[in-house]
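First to last, the sequence lines map onto chains A and B. At position 454 of the first sequence (counting the first as 1) the number is 454 in the numbering used here, and the numbers step up by one without a gap. At position 24 of the second sequence (counting the first as 1) the number is 24 in the numbering used here, and the numbers step up by one without a gap.
Calculated directly from the structure, the hints in this document are not laboratory data. These numbers come from a predicted model, not from an experiment. Warning: the hint list may mix true and false statements.
The list treats identical chains as interchangeable, and a pair is accepted whether it falls inside one copy or across any two copies.
Mimicking DSS-like on lysine-lysine, the simulated pairs with C-alpha atoms at most 25 Å apart in a straight line are [claimed, not checked]: (1) LYS308 to LYS385; (2) LYS411 to LYS385; (3) LYS67 to LYS534; (4) LYS308 to LYS527; (5) LYS156 to LYS208; (6) LYS38 to LYS122; (7) LYS308 to LYS355; (8) LYS307 to LYS534; (9) LYS378 to LYS411; (10) LYS225 to LYS254; (11) LYS67 to LYS527; (12) LYS527 to LYS307; (13) LYS67 to LYS499; (14) LYS519 to LYS156; (15) LYS411 to LYS479; (16) LYS378 to LYS38; (17) LYS385 to LYS307; (18) LYS16 to LYS122; (19) LYS411 to LYS527; (20) LYS81 to LYS519; (21) LYS519 to LYS499; (22) LYS272 to LYS19.
What follows is each chain in one-letter form.
There are 2 protein chains.
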Amino acid sequence: MNKICLLKTHLPIKLKAMKIALAQINQTIGDFQRNTEKICLYLERARNQDADLIVFPELAVTGYPPKDFLDIPAFIDENLKALNEITSRVSGISAIVGFIDRNKRHHGKLVHNAAAFIQDQKIVSVHHKSLLPTYDVFDECRYFEPAHLISPVKFKDYTLGISICEDIWNDEEFWTRPLYEIDPIENLVSQGANVMINISSSPFAVGKHDRIRVRMLIHDAMKYKVPFVYVNQVGGNDDLVFDGNSVVINAQGKLIAQAATFEEDLMVVDIKNPSVQIQPKIYSDIETVHMALIAGLRDYVIKCGFKKIIIGLSGGIDSAVTAALAVEFLGNTNVIGVLMPSQFSSQGSIDDAVKLSQNLGIAYKIIPIQEVFVIYQKTLETEFKGSPFDIAEENLQARIRGNILMALSNKYGYLVLTTGNKSELAVGYCTLYGDMSGGLALISDVPKTMVYELARYINREKEIIPQNSITKPPSAELKPNQFDQDSLPPYDVLDGILKAYVEDARGIDEIVRMGFDEKVVREIIRKVSRNEYKRRQAAPGIKVTSKAFGSGRRMPITHNFMC
Amino acid sequence: MNKICLLKTHLPIKLKAMKIALAQINQTIGDFQRNTEKICLYLERARNQDADLIVFPELAVTGYPPKDFLDIPAFIDENLKALNEITSRVSGISAIVGFIDRNKRHHGKLVHNAAAFIQDQKIVSVHHKSLLPTYDVFDECRYFEPAHLISPVKFKDYTLGISICEDIWNDEEFWTRPLYEIDPIENLVSQGANVMINISSSPFAVGKHDRIRVRMLIHDAMKYKVPFVYVNQVGGNDDLVFDGNSVVINAQGKLIAQAATFEEDLMVVDIKNPSVQIQPKIYSDIETVHMALIAGLRDYVIKCGFKKIIIGLSGGIDSAVTAALAVEFLGNTNVIGVLMPSQFSSQGSIDDAVKLSQNLGIAYKIIPIQEVFVIYQKTLETEFKGSPFDIAEENLQARIRGNILMALSNKYGYLVLTTGNKSELAVGYCTLYGDMSGGLALISDVPKTMVYELARYINREKEIIPQNSITKPPSAELKPNQFDQDSLPPYDVLDGILKAYVEDARGIDEIVRMGFDEKVVREIIRKVSRNEYKRRQAAPGIKVTSKAFGSGRRMPITHNFMC
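Go ahead and model the full structure; you've got the sequences and the hints to work with.
In structure tokens:
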């Protein structure tokens, strides 16, 4: 998708036209050959559209986040070689390219997160990131030395203020408590920058783009009366998914152009002669979550080289939503459902799973687990003598199912998707090595109440997820007459408490003041705390909320704290 | 264990005696009540020994590392309450206590890693950590605002230079490349500090104490001609284990006193009137690894509230060493061995496992897995039709064993220890949800060659680990005539390559120049890279090397880099 749109600014009238191409690309970490090829391809495309300057995202050369590859000298070398190759291709256009620069000082971290400004096959200037996010999923102080110098750069009639991602996230008027003492944007403006360019790898979280990112950019553009060109990465890497949504805001603070959401894009904007304003497509929260999950799944599958996906179908809503998402990306011939009924499975559940498979048009297998379960019980008879059927037997069933899915995965190279949601993972309502078995926990950052929303969204045009899977009371069916709500509060209550505790870091007193029952709150927080050991061994999931379990939430297993 | 030792320094002769108590304690994260009680108990003990000053480790109030509990306001509040309680108990002695201080500035992170200097039931001064380690297992820039002011403090005739852990790790003469621009020690000395006090939570790695920490302290003491009092935490928290080994170095750079290794200790030293020098007990590397593993296991078990341990015994060396370590800490009545032979298990393996159990005096159960395995194969017959016996069937056996151990764990509350070593985990020679099932992967940072060393050490007085388990060729016994060396290079080669790649971050060329075959090196690194997904779901292990898998090594799963 290409868009050309024109931008009206307060820039002095004598300035010449300047067409900037925003190259919103999806890179693979450490795939220097393909990353370089893609950058060169976009260079060519932008040149064909007469762009004066093309701007690539943060760490476009390496992919983001490269994590501890940054400690491997050969990784830095390859990245510099790739940058040289790209530089040799930059003619007839200028380029801003994110890469890893070596820190040439005697002290500090070995590398900088950097942007190269390239003209006529030469690197004219290099700009280092000043503000290094080190919270949630970000670890940039672990790797990078911050900038020791901030300088704008002249380009044609303009003065570009080049910054990298977090550098724009510290305005002291916009934020109640800025995290950093310096503001690189203020600094650049004070040095005469009149076009701000920010290269980013800013991960998705629901609501972040519309309610924070764009508002902040508009605020900054209005404050400084300069246009902002914001180029974001797109695509997924492990738990993170990047939404793209690159934008241009004019000097009056108007959103003038917005690139695709969750897709690669090249968007060319003339900073001098604006005429058309693009109305960005507005998505609802649940639409963006839906897109994020598919983008995250797609890139996990493609970048890891999987061809087919296998999913255990219980007849419940979680596995139904997971399967529907998988089919949406991979098509129905590459997704396989497996029904693994036991003596505790209701006929309704089997029917729902079959109906789902038929609605999706996927192949499904029915592999009953009773016989295996019986032999396990016989094998453990002596050990379990005199003990009632309990969590041991319940988990065993979930583990048999996990084993069967993994056996099929090992035999045929399928990717197993686990189907647990965030609410279950939070309180440990899931079985380690059982239903938690798999390579990607697709909806593990989706609270149960949002799973219902997703299901209704997936069914917006026709019934894909059987209505019964949505309306029936959720059950693990690991013993007779078992329902989730026997062990857990209603999911709207549970999710309310979890959001307050996990996402918003509120204490018990605060949560109780929000209207939740103190006993329930304490019990839920106790469960969250006590189940950290399970989450430590969970498959990665796609982060869609402001705080996911996984790399963004690092809790000790060994502790004795109850807030 | 208490020691009183006296220290000869270059301090002016007119100075009065000053007895400093080094309180090397083992705290539990967030257990404010018990942590406070322990601090008060040590206060009392030091007062009884006429100490003028007692020094506690870094974050003694909260335990270290509290990780994302630092984002929870209630955690900070409880820590301040605990500090107040402790302050009210400090009379007849002064104290330096590690705690979390709020950052009172408008910018930056919300808290400081701090030391309170307490006299007469009042906090006289607060000292913030200047250098925040953010590499390997450390994430301190994630949480803490660095010190904005460094000041020594007067105490009796002395001027104390109080610093926190990393603050002493940046001497530009000692390190070839200092990580930070400032040196708080130099700063404190320049302000007249004549006794340096450092409170630490410095984790164990083999060789770190003798070969780095003590050498560095000696270097600094000689450089500045001031004594160093270094107080380190002791005990385990998840993957980290702290060795204690608190020391006093005199102004001539002589190691004067050293507290216990891996045990709590109170050591009182008179800075003014030294007379006796303590010769610290010197341990070999393998002795310290052995102590570290037991300390890590002990605290995981105690702090998580487990009573009994269960271990799958294969007859091989890894499970034998794991079981021997467990018995050393928990005694033979609280450790249970489980033999789970299949048709591929040799009689020798069964005999070795039985002999181990007898040598250790532990109860052991024999639970054959053939019947379950047969039923699984029957259950999967249709799916697997026409496919030869392969990794799917191999992994299935490991998973049955994992399920049985977990079933016993779920039924009776036992902690399952996994028995895999670092070499296997590196190259993925292990089964996810199979032999990787368990709460703690005790020896997962111990390379296979070091497992052999440990076995010989454990057998130093008598045969505990059957000789046959040490001498026979290692085998997973998941198919007929299977030996580790069919798929892997000899372990000394493998471990050499892994150390170079994982611990020392060397590239392929460098490793080849060390004398390893290039094809082998490439194959091993490829395996390390491709098995990140397994390690992401591994149980935590006890870090004993300079670079363990787990929280200290953060690699993407999705990537395409081959160094």
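Problem set entry | Within, between, both or neither: LYS378, LYS38 at alpha-carbon 25 Å | neither (58 Å within a copy, 49 Å between copies)
Exercise. With identical chains treated as interchangeable, where does the CA-CA distance between LYS272 and LYS19 reach 25 Å or less: within a copy, between copies, both, or neither?
Worked result: within (8 Å within a copy, 74 Å between copies)
For this session: At 25 Å max between alpha carbons, let me know whether LYS519 reaches LYS156 within a copy, between copies, both or neither.
Result: Classified as neither: same-chain Cα gap 66 Å, cross-chain 51 Å, threshold 25 Å.
Problem set entry | Copy assignment of LYS67 with LYS534, given that the CA separation must stay at most 25 Å | both (24 Å within a copy, 17 Å between copies)
Problem set entry | Intra- versus inter-copy proximity for LYS355 and LYS308 (alpha-carbon distance at most 25 Å) | Result: close within a single copy only, 21 Å intra versus 46 Å inter.
Exercise. Can you tell me if LYS378 and LYS411 fall within 25 Å by alpha carbon in one copy, between copies, both or neither?
Worked result: Between copies only: 15 Å across chains, 27 Å inside a chain, cut-off 25 Å.
Problem set entry | LYS308 and LYS385: within-copy, between-copy, both or neither at 25 Å Cα | This pair counts as between: shortest inter-copy Cα distance 19 Å, intra-copy 43 Å.
For this session: Since the copies are identical, ignore which copy is meant and state whether LYS307 and LYS534 lie within 25 Å (CA to CA) inside a copy, between copies, both or neither.
Result: Intra 28 Å, inter 19 Å, cutoff 25 Å: inter-copy only.
For this session: Check LYS67 against LYS527 for me: Cα-Cα at most 25 Å, and say if that holds within a copy, between copies, both or neither.
Result: The answer is between: 18 Å across copies meets 25 Å, while 31 Å in one copy does not.
Exercise. Should LYS67 paired with LYS499 be assigned to within, between, both, or neither, using CA atoms and 25 Å as the limit?
Worked result: between (28 Å within a copy, 20 Å between copies)
Problem set entry | Up to 25 Å CA-CA - LYS307 versus LYS527, copy category | between (37 Å within a copy, 20 Å between copies)
Exercise. At most 25 Å between C-alpha atoms: does LYS16 with LYS122 qualify within a copy, between copies, both, or neither?
Worked result: For LYS16 and LYS122, the Cα distance is within 25 Å only inside one copy (23 Å; across copies 68 Å).
In this structure, the earlier hints numbered 5, 14 and 16 are contradicted, and the remaining ones agree with it.
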